[in-house]
Each structure stands twice: as structure tokens, then as C-alpha cells.
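These protein sequences, in sequence, are chains R and W. Those letters in the first sequence? Residues -17 to 89, per this note's numbering, in order. Those letters in the second sequence? Residues 300 to 418, per this note's numbering, in order.
Honestly, the hints are just simulated from the structure, not real lab data. This one's a predicted model, so the numbers in the text were calculated from it and none came from an experiment. Incorrect hints may appear among the rest.
To be verified - As a list, the in silico DMTMM-like pairs of lysine to aspartate or glutamate whose alpha-carbon atoms are at most 20 Å apart:
{"hint": "1", "chain 1": "R", "residue 1": "Lys21", "chain 2": "W", "residue 2": "Asp406"}
{"hint": "2", "chain 1": "W", "residue 1": "Lys366", "chain 2": "R", "residue 2": "Asp38"}
{"hint": "3", "chain 1": "W", "residue 1": "Lys362", "chain 2": "W", "residue 2": "Asp389"}
Each chain, written out:
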Amino acid sequence: DIQMTQSPASLSASLEEIVTITCQASQNIGNWLAWYQQKPGKSPQLLIYGTTSLADGVPSRFSGSRSGTQYSLKISRLQVEDIGIYYCQQASSTPYTFGAGTKLELK
Amino acid sequence: EVQLQQSGAELVKPGASVKLSCKTSGYTFSNYYMSWLKQMPGQNIEWIGNIYGGNGGTGYNQKFKGKATLTVDKSSSTAYMDLSSLTSEDSAVYFCARKNYGYNFFDYWGQGVMVTVSS
Chain R
-17 DIQMTQSPAS LSASLEEIVT ITCQASQNIG NWLAWYQQKP GKSPQLLIYG
33 TTSLADGVPS RFSGSRSGTQ YSLKISRLQV EDIGIYYCQQ ASSTPYTFGA
83 GTKLELK
Chain W
300 EVQLQQSGAE LVKPGASVKL SCKTSGYTFS NYYMSWLKQM PGQNIEWIGN
350 IYGGNGGTGY NQKFKGKATL TVDKSSSTAY MDLSSLTSED SAVYFCARKN
400 YGYNFFDYWG QGVMVTVSS
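Construct all of the structure, not just a fragment, from the sequences and the given hints.
What follows is the structure, given as C-alpha cells:
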């Protein structure tokens, strides 16, 4: 199975700050990478797919990028509604696997 | 509007089975795969498997073979997951999620159902 190593596990940031979360894939997954946001007691919501494509309705302050097998999610100006847990998911091969999550909190 | 409505919380005894449902609306059920995913409290998300709404074809995570059985009822646009021989390790929230055909991501999710295995 492909392992997705996500970091950091938790992150505290201020409003308007730039936030970056990364995922390292254990092997080449090309651009088959998605990011999700999950709020307490809710189901995950798709943010980005295909490494860089924004899902419908997702604010443009979210962006995704890739360098080799390292993938990044960037929030350009953190807002209150961005608080939650973020997960990456490799979509290259089954079983689809997720990172362990990054808990984003307000400082 | 695409909607995935899951059945309610379950409290089941060890060794028993449970059948979860995911009723869909707002899209053509037979054109998409439905996936099921497991999330234990405070834990990572695991992909259990998926089933094609058109012909019921399935694919499973090896880890869940023998534990989960996926089925569909096209007439009611509903997906089901049977979980058997339940233990405390099966206590978790289970989600159904529609899988995008081209990119293999999950674009719509059910609200999740909590399954608690306890005597």
C-alpha cells in the first residue's frame, strides 16, 4: 500500500497568516492527490483534486502544489472558517490511502 | 443537488452483523462508484472498498475482505454495506462517499454513521 506521511500533525496559526501542510508519498503517485477539510462531527469536504485543481465553491486562498513525491496545501490568508483537520489522499492506486491529518487551530 | 443520506447510529453486540445504508439523490446512481470509508475516533480515514452503481462490481481493500460486503439497489439508488463478526475494533464512524470517475477522489460524502460494538 502507498503510505502518505502528513506533516505537521498539528498547527497553530493567526488570522491572515500563510499556512502550509505537506504530504509525502511513499512512491510516485503523479498528480493523483486530493485534499479534504473535516470539521468536528462532520464528514470530510473536498478542497483540491488532481494536486492543483480547486473543487467547486472552494475559496481561491486554497492552493495545491507538488515537488516530486511531496505535495503541499497552502492557505494564503487564514480565516476563522478554515479551522479544522486537513487530510491528503492518494488517488493513484487502490487501496486509496489518507494522511494521518493536520489539526489546524487559531493562535 | 447531490445528496447521500446514511442510516442512523447502531449499537451492536460483539459477534453480530450490521447493515448500513446510503440513499442517494440528485445524480445518476448507475454512472458512479460508491466508496465506503472508516474513521475510528481521532484516527485516520481508511478506504474500505467501492461498488459500481451500474452493475454492482466491487473492489475491496484487502484489509476489509471478509469483514465488509458492499451491495447496491439500483431501483432505490441506495448503497449498502454489511459488516460481519463485529468486534470492538469495528467501532467507528462509517462514511459513504461518491467516487469521481476520472480522478478517484471523493466529491460527495454522507453524514457518517457511528457504529458502536459493545455487550
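To see whether the hints hold, each was checked on the structure:
Taking the CA atoms of R:Lys21 and W:Asp406, the gap is near 16 Å; set against the 20 Å cutoff, the hint holds. Proposed proximity of W:Lys366 and R:Asp38 is contradicted: the alpha carbons are some 35 Å apart, above 20 Å. Taken as a hint, the W:Lys362 and W:Asp389 pair is honoured in the structure, with Cα atoms around 12 Å apart against an allowance of 20 Å.
The structure fails to meet hint 2 from the earlier list, while all remaining hints are met.
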